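Novice: Here's the letter readout for the chains.
Number of protein chains: 2
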Amino acid sequence: MATIESVLEKLDANRDAALQRLFALIGIKSVSTDPAYAVDCAKAAEWMAAQLRDIGFNADVRPTTGHPMVVGHAKATNRDAPHLLFYGHYDVQPVDPLDLWESDPFGAKIVDAPTGKQIFGRGAADDKGQLMTFIEACRAWRDCGGLPCDVTVLLEGEEETGSPSLPAFLAANKKELSADLMLVCDTGMWDRTTPAITTMLRGLVLEEVTIRAADRDLHSGLYGGAAINPIRVLAGIIADLHDSKGRVTLPGFYDDVADLPEDVAEQWRNLDFDEHAFLGDVGLSVPAGEADRSVLEQIWSRPTCDVNGVFGGYTLKGSKTVLPAEATAKFSFRLVSKQKPEEIANAFREFVRARLPEDCRAEFVSHGASPALQLPFGSETLSRARRALQAEWGKEPVMAASGGSIPIVGAFKRDLKMDALMVGFGLDDDRVHSPNEKYELSSFQKGARSWARILAALAA
Amino acid sequence: MATIESVLEKLDANRDAALQRLFALIGIKSVSTDPAYAVDCAKAAEWMAAQLRDIGFNADVRPTTGHPMVVGHAKATNRDAPHLLFYGHYDVQPVDPLDLWESDPFGAKIVDAPTGKQIFGRGAADDKGQLMTFIEACRAWRDCGGLPCDVTVLLEGEEETGSPSLPAFLAANKKELSADLMLVCDTGMWDRTTPAITTMLRGLVLEEVTIRAADRDLHSGLYGGAAINPIRVLAGIIADLHDSKGRVTLPGFYDDVADLPEDVAEQWRNLDFDEHAFLGDVGLSVPAGEADRSVLEQIWSRPTCDVNGVFGGYTLKGSKTVLPAEATAKFSFRLVSKQKPEEIANAFREFVRARLPEDCRAEFVSHGASPALQLPFGSETLSRARRALQAEWGKEPVMAASGGSIPIVGAFKRDLKMDALMVGFGLDDDRVHSPNEKYELSSFQKGARSWARILAALAA
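Line order of the protein sequences matches chains Y and E.
Numbering of the first sequence is given in our numbering, commencing with residue 11 and proceeding in unit increments.
Numbering of the second sequence is given in our numbering, commencing with residue 11 and proceeding in unit increments.
Calculated from the structure, these hints are not laboratory results.
Bear in mind that the values here come from a model prediction, so they are computed numbers and not experimental data.
Treat the hints with care, as some may be off.
Said to hold, decoys possible - Some but not every residue of chain E turned toward chain Y, in silico, with C-beta under 8 Å:
(1) SER16
(2) LEU294
(3) PRO297
(4) THR314
(5) LYS327
(6) HIS377
(7) HIS443
Just so it is clear, CB atoms sit at the ideal spot from N, CA and C, and this is done for glycine as well.
Using the sequences and the accompanying hints, generate a full structural model.
Specialist: In C-alpha cells, the structure reads:
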C-alpha cells in the first residue's frame with residue numbers, strides 16, 4: 011500500500027488533467043427531469059463508466075425504466091481492507107431561466123472571483139464536481155499502485171427527480187451493492203476553510219396537485235361571478251397550509267418530529283452562524299419559517315412545506331380574460347426525524363380534498379418520497395473521518411446537518427442497513443439549482459485530497 | 011332608396027360568397043396579445059380595408075403604437091340620412107391550449123351540428139363573424155343602389171387586449187369619428203331564435219402583479235423554511251380577495267354599485283333563464299358568486315374579480331425542488347354602474363401592498379381599464395331597432411345585459427357622448443375565447459338580414 015504522502019503528491023501533479031475531465035463531464039447536458047435530455051443522461055452514464063474502467067474498475071452501465079445506473083467495482087491491494095460503497099449522481103437540475111446565466115451553463119470554465127478561482131457551470135458542484143473529487147482520489151491511489159479499500163461505485167441519473175428507479179434497482183442488486191459503509195459526496199463545508207461531516211439529512215415528499223372545475227376554459231366576462239375559479243381554490247389551499255407563526259397546518263405534521271438532543275443543540279448555538287448574512291446573500295433579511303426556531307434549526311432540523319411551482323390560465327405576455335378550467339401546483343415537503351413520507355403525502359391529499367368546493371376535483375401525482383436520516387454520533391468510522399479531514403484542512407470538522415435530501419441514503423439505510431459517511435465540499439453560495447452554479451477550485455482540489463486521506467484512514 | 015325586400019333578396023342570393031369572405035378573414039391569424047402575430051394583425055387590417063373599398067367605402071389602414079385601425083366612410087343615397095358609426099374588432103384571442111381544438115383553429119369550415127350548421131374557427135363568432143354580418147348588410151344595400159344611412163366603419167385590432175391604442179386614436183380623430191349613433195355587433199342573442207339588444211355592459215380592469223422575494227431562485231432544501239416563498243404570499247393575496255359569501259373584499263369595491271331598477275329586475279326574473287343548464291353546459295352545478303344574487307345578476311349586473319392566470323417557479327413536467335424568486339398573477343375585475351376603473355385599480359394595488367411581508371416587493375402592470383356602460387331605455391332608436399329585429403325573427407327582442415366588456419363603447423360614451431346600439435347574434439355555447447369556437451350559420455345569415463332591416467328602420 012502506497013503512503014498517503016505519495017498519493018497526495020500524485021493528485022497535486024495531475025491537477026490540470028483532473029480539471030479537464032470535470033469540464034468534459036459538465037459539458038454533457040444530463041438534465042434528468044426533462045425527457046428531451048434522455049440521450050444526454052445516457053451519454054453521461056457511458057462517460058462515467060469509461061472513467062471508472064480507465065482507473066481499473068470493472069464498470070458498466072445498467073438500464074432502468076428511467077435513466078441508467080453506473081456500477082463499478084475495484085479490489086484493494088491488501089486483503090482485509092474494508093468494503094466501501096461510493097454513491098453519486100451524474101444528473102443535474104434544469105437550467106431555466108436560461109437568460110439569467112452569464113454564459114453557457116454547459117460550457118464549463120474557470121472564473122476568477124475575489125475569493126479565489128471557481129469552476130462555472132450546471133453541475134459544477136451538484137453533483138459532478140463533488141463526485142469527481144472521489145473518482146480523482148481513486149485515480150491517484152491507483153496510479154500509486156492500487157486502492158487501500160475495496161470500492162464499489164454506484165452513480166445514478168435520477169437524483170434530481172426523486173430517484174424513482176432506485177428502490178427496484180437496490181432490491182434487484184442487494185448483494186452486489188452491499189458494503190461495510192456508504193460514502194457520499196453531495197453535501198457542504200461549514201465555510202470556505204472549515205470542513206463538515208453531515209450527520210442528518212431531511213427527507214422529501216414531492217406532490218403535484220391539479221384542481222379542475224369547468225370542462226373548458228371560460229370567458230371571464232360571460233361566466234365571471236357565476237363559475238368557480240380553480241386558481242382561487244388552489245390559492246386558498248396554498249394559503250391555508252401555514253399558520254400565522256409559520257407552522258405547517260397539516261393535521262399530525264409534527265407528531266413524529268423529535269427535538270434536537272441538547273448536546274447537538276448546544277454545539278449549533280456555538281457555531282458562528284450569521285443569520286443576517288445567510289439571508290442577505292440572497293437578498294432577504296427576515297427568517298420566514300417557524301417563529302420560535304433559529305434559522306439553522308429551520309433549515310437543518312425542522313420540517314417544511316414549499317410550493318415549487320404554480321400555473322394555471324393564461325401565462326404568456328399581455329392579458330387574456332379567461333376563467334381557466336384548471337390550476338396546478340407542485341409541492342415539496344422536507345421531513346425530519348421519524349416523519350413517515352406516506353403519512354405526510356396522505357395528510358396533504360386529505361387536506362386538499364377537505365377544501366374542495368362543489369364542482370371541483372383534485373388529481374394528484376407523486377414525484378417521489380424518502381424519509382429523513384440521522385447517523386449515530388461517536389462511531390469509529392466518524393472518528394477516523396474527522397481525523398483525516400482535520401489533517402487536510404487544519405481544523406476540526408463541524409458535525410453538520412443538511413436541509414436537502416439525498417434519497418438514496420435513506421433507501422440504503424432502510425433496505426441494506428448501511429450507514430453513510432457524508433463528506434462534501436460545497437459552499438452556500440454555490441448557486442446549486444440556480445443560474446450561474448459554481449464550485450470552488452479549492453473544494454475540487456482539496457476535496458480530492460480529503461478523500462485520498464479518508465480512504466487511507468478507513469483502511470488503517 | 012331600394013326596398014328592404016330587394017336588399018334581403020340580394021343577401022339571400024349571395025350567401026355562399028359571403029361565407030367564403032368570412033372564411034378568408036378567419037384564416038388570418040390576428041392574435042393581438044402575442045407579439046409574434048403582429049404581421050397577421052396588419053394583414054387582417056389590410057384585408058378589411060380592401061373589403062370596405064370593394065363596397066364603395068373610402069377606407070384605409072391607420073397605424074397606431076399597437077395594431078392598426080381601419081377606418082372607412084360611405085355616404086347614403088338620400089340627403090338627410092342619419093350618420094352611423096359601426097365598430098368592430100378584427101383581432102382574436104390566442105388559441106392555446108391548441109391540443110384541445112378538433113381541427114386547425116384558423117382553417118374555417120362548416121360543421122354539421124344537431125341544432126344546425128355552424129361556422130368553426132377562432133373568431134368565427136368573436137368578432138369576425140359578427141362584424142361581417144354588418145359588412146354584408148352594407149354590401150347588399152350597395153348592390154341595390156346605395157346605403158340608406160351615412161356609415162362610418164371603425165375596426166380595431168386590440169379589443170382582446172383592452173384597446174390600449176384607442177383613447178389616443180379617438181382623441182386625435184374625434185371629428186372624423188363622431189356620428190349620431192354607434193352600432194356594435196359583439197353581443198349575443200337570448201337564445202337560438204330570440205334576438206336581444208344589449209343595454210348594459212360591464213366594465214373591465216386588467217391588472218398583473220409580480221411578487222418578488224429573494225434575488226434568485228433558491229434550493230428548497232437549503233433555504234426551505236427560512237426563505238420567504240413568493241408563491242405562498244401571492245396565494246394568500248388571491249385567497250383574501252373574496253370572503254366566504256363570494257363578495258370581493260377590496261375596500262370600497264361596492265360603494266358605487268347601484269342595484270337594478272325594479273322594472274328591469276322584474277323583467278329578468280320573468281325570463282326563462284335556466285341556471286342549472288347554464289352551468290351544466292360547462293360541467294358545473296353550483297353558482298360560485300355572491301350568495302344572495304341570482305346567476306343572471308351575477309353575470310349581467312354584479313362586479314367580479316377573477317384570476318385569469320398564475321405562474322411561478324417550476325412549471326414543466328416532473329419536479330424541481332426550487333424555492334422561486336417570484337410569482338405572477340393576472341387579474342380581471344368586471345365593473346358595473348358607476349364603479350371607477352382607476353379607483354378599483356388603486357384599491358387592488360393598495361390591497362396587495364398591505365399584504366406584503368418583509369422582504370417582498372410587488373410590481374404592477376395595467377393591461378387596460380374601462381368603465382361599465384348603461385344605455386337609456388325608451389329611446390326612439392331603441393324602438394326602431396326592436397321593430398326591425400321583431401320583423402326578422404318574429405319575436406320581441408330581449409332587453410339584455412352583458413357580462414363581457416367592449417371598452418370602446420365606454421370610451422365613445424365618455425369622449426364623444428355617443429350612445430351605442432348593441433345588437434349581436436352570438437350564443438352562449440359559441441365557445442368564444444375557448445377551443446373549438448363556432449358561430450351559428452343562421453346567426454351569420456339572419457344577422458346580416460337583421461342589420462339590413464335596422465339600417466332601413468333608422469333611415470326612415
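Novice: Now look at each hint and say whether the structure bears it out.
Specialist: Consistency of the hints with the structure:
Below 8 Å, beta-carbon pairs count as interface contacts, and SER16/E has none with chain Y, the closest being about 37 Å; its hint is therefore violated. At a threshold of 8 Å, the smallest CB-CB gap from LEU294/E to chain Y is about 5 Å, leaving the interface hint in force. Taking 8 Å as the C-beta cut-off, the interface hint given for PRO297/E holds, the closest approach to chain Y being about 5 Å. Of the supplied interface hints, the one on THR314/E holds, with its beta-carbon coming within about 4 Å of a beta-carbon of chain Y, less than 8 Å.
A distance limit of 8 Å between C-beta atoms decides the matter here; for LYS327/E the minimum to chain Y is near 7 Å, and the interface restraint holds. Annotation: interface hint on HIS377/E holds; nearest CB of chain Y at approximately 4 Å, less than 8 Å. Checking HIS443/E against chain Y by beta carbon gives a least distance of about 4 Å; that is within 8 Å, so the hint holds.
Checked against the numbered hints listed earlier, the structure breaks hint 1 alone; every other hint is satisfied.
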